[in-house]
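Work out the full structure, taking the sequences as your base and the hints as a guide.
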Amino acid sequence: MSAENPRDSSLLQSVDNALRLIETLQKNGPMGITELSKDLRLSKSTVHRLLSTLENRNYVTQNDQNSKYMLGLKWVGIGSSVLQQQKLLQIIHPYLKQLSETYNETAYLSVLNGEQMTFVDKVLSKSAIIMDMPLGSNLQPYCSAGGKVLLSHQSPESLSAILKKTVFQKYTKNTITDISSLQEELQRVRIQGYAIDNEEFETGLICYAAPIRRYSGEVIASISLSGPAPRMERRKQELITGIMQTATEISRTLGYQDA
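Counting from 1, position 65 in the sequence shown corresponds to residue 65 in the numbering used here; the numbering is continuous, with no gaps.
It is worth saying that the hints were derived from the structure and are not from the lab. Please note: incorrect hints may appear among the correct ones.
[Said to hold, decoys possible] Mimicking BS3-like on lysine-lysine, the simulated pairs with C-alpha atoms at most 30 Å apart in a straight line are:
1) Lys164 <-> Lys126
2) Lys126 <-> Lys87
3) Lys44 <-> Lys68
4) Lys74 <-> Lys27
Structure, rendered in structure tokens:
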């Protein structure tokens, strides 16, 4: 079968081809269009289109002397960002573990990823009944405590752009389903310093979250505890206080000095 034919209906073939091209250049170094065409089993015209697009975005560059293509300097910045994020996870994980063990509830670290909230780290509760979201999975931020924390600290321009692309879905009877109500909720979150998911994504589950700040004061992540509604409601203030204290400790470790 030709490599240009779809191998999996779930793949966007042009993206898959571009990624294979990038991986090939990373492995082999500078290559010409003919070499890439043979290696990837793609037509020269397809390779040329991919290279032109990547070059336009500075992901590849062409050597004027031999016309071969190589990875562009943009990957240096991307690599640096990945390393910084990995370092960030290493710093925060012990706090996440301590928070989960102290209250015996599942703790999550989440970040805003475009219009979605992404779970990037977690420590599961040892209780029989737990909430377990896979790492890397996304959730609409408007119906999650961590997401509301992250939305509440976006600039007006960024928040407006996100909300314009948001399609509100009513997961439970408590789900916020309109922009006006969400904006009121986000204002409360900013003022009180924490957010609550009161069975807004899944009936029977409650989540509390607080913001993590970098040295500049920018909110870069949220930390949260999730669990069954009866357990969470019974210890509401205790859990919120613990989450906020942990978020403050992490932020200070990252260099943030609160007023």
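Taking the hints in turn, this is what the structure says about them:
no.: 1; hint: Lys164 <-> Lys126; verdict: violated (39 Å)
no.: 2; hint: Lys126 <-> Lys87; verdict: holds (27 Å)
no.: 3; hint: Lys44 <-> Lys68; verdict: holds (14 Å)
no.: 4; hint: Lys74 <-> Lys27; verdict: holds (17 Å)
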